[in-house]
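Colleague: Sequence:
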Amino acid sequence: RPSTGLAEILVLVGGCDQDCDELVTVDCYNPQTGQWRYLAEFPDHLGGGYSIVALGNDIYVTGGSDGSRLYDCVWRYNSSVNEWAEVAPMLKAREYHSSSVLDGLLYVVAADSTERYDHTTDSWEALQPMTYPMDNCSTTACRGRLYAIGSLAGKETMVMQCYDPDTDLWSLVDCGQLPPWSFAPKTVTLNGLMYFVRDDSAEVDVYNPTKNEWDKIPSMNQVHVGGSLAVLGGKLYVSGGYDNTFELSDVVEAYDPETRAWSVVGRLPEPTFWHGSVSIFRQFMPQTFSGGRGFELDSGSNDMDPGRPRPPRDPDELH
108 RPSTGLAEIL VLVGGCDQDC DELVTVDCYN PQTGQWRYLA EFPDHLGGGY
158 SIVALGNDIY VTGGSDGSRL YDCVWRYNSS VNEWAEVAPM LKAREYHSSS
208 VLDGLLYVVA ADSTERYDHT TDSWEALQPM TYPMDNCSTT ACRGRLYAIG
258 SLAGKETMVM QCYDPDTDLW SLVDCGQLPP WSFAPKTVTL NGLMYFVRDD
308 SAEVDVYNPT KNEWDKIPSM NQVHVGGSLA VLGGKLYVSG GYDNTFELSD
358 VVEAYDPETR AWSVVGRLPE PTFWHGSVSI FRQFMPQTFS GGRGFELDSG
408 SNDMDPGRPR PPRDPDELH
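Residues 108 to 426, numbered by our numbering, are exactly what the sequence shown covers, in order.
One should not assume that every hint holds.
What the hints assert, rightly or not - List of simulated lysine-lysine pairs, DSS-like, C-alpha gap at most 27 Å: (1) Lys262 x Lys199; (2) Lys318 x Lys342; (3) Lys342 x Lys323; (4) Lys342 x Lys262.
Don't read these hints as lab results, they were simulated from the structure.
None of these values were measured; they are calculated from a predicted model.
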């Protein structure tokens with residue numbers, strides 16, 4: 108098939124809907140067109156406490172639990188063929204952990220353990236655990252190091268720790284006054300700065316590791332309790348979760364560091380919380396028919412209008 112080129116897209120995995128029912132849907136959003144499309148559904152029970160990360164243009168989902176059993180399984184979404192497949196399981200089953208990519212390797216960090224995955228050999232390696240165990244920490248890679256921020260285990264004291272892959276050692280970062288305690292913090296890196304979003308506030312804190320300084324950016328338009336955070340096209344994207352009125356939200360808002368402003372850029376296919384989101388580059392089907400002329404996608408396509416009910420899924424939609 109002829110190519111229409113690559114588009115950087117926002118991919119949403121799982122979460123829960125208005126009725127707190129678990130979702131296994133995987134949807135993607137193209138900010139250039141404002142359109143949503145279906146991707147292959149997650150093939151298993153996602154459960155809770157899993158983590159999601161993009162490695163290259165593929166997506167990895169690690170761990171989680173069904174409430175009684177912890178998962179060690181790892182699923183990889185191959186974006187080139189729109190398929191999910193299991194890869195080597197983690198060395199240790201875990202939930203409520205964090206995953207990040209540093210120098211092409213996948214790191215999984217939990218309170219008492221750290222391990223690293225090499226996709227070229229499909230193998231895991233145990234690393235040194237954090238010096239100070241942390242609950243529900245969030246990790247991000249920045250300037251050749253892995254940073255974890257969260258609360259000390261069993262306490263509401265926020266700390267930041269840094270992992271050096273050259274020495275396989277964690278160290279406490281003395282970075283002054285950290286943001287207030289958060290149950291499920293979210294952290295991403297953009298342009299060498301680490302952005303920290305709390306789940307109970309519209310405030311956003313920024314850490315500059317070079318200057319070892321904290322700063323604030325303008326607040327989001329609303330809180331996103333149980334929402335998701337990702338970087339796409341040089342902007343921060345925050346989606347879903349519960350808003351200031353405790354209503355489940357479908358709002359997607361983006362922060363542009365050049366204008367230092369937040370704007371609502373779209374709506375989720377349905378209000379969702381506890382979902383994961385990442386950005387990848389993906390090739391889309393050409394928008395042509397047998398006559399060769401271009402056309403606008405209609406209701407029979409695999410693009411979604413959030414105001415319409417979902418059509419039946421076709422497993423070959425985006426092949």
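Colleague: What hint numbers does the structure not satisfy?
Modeller: 4
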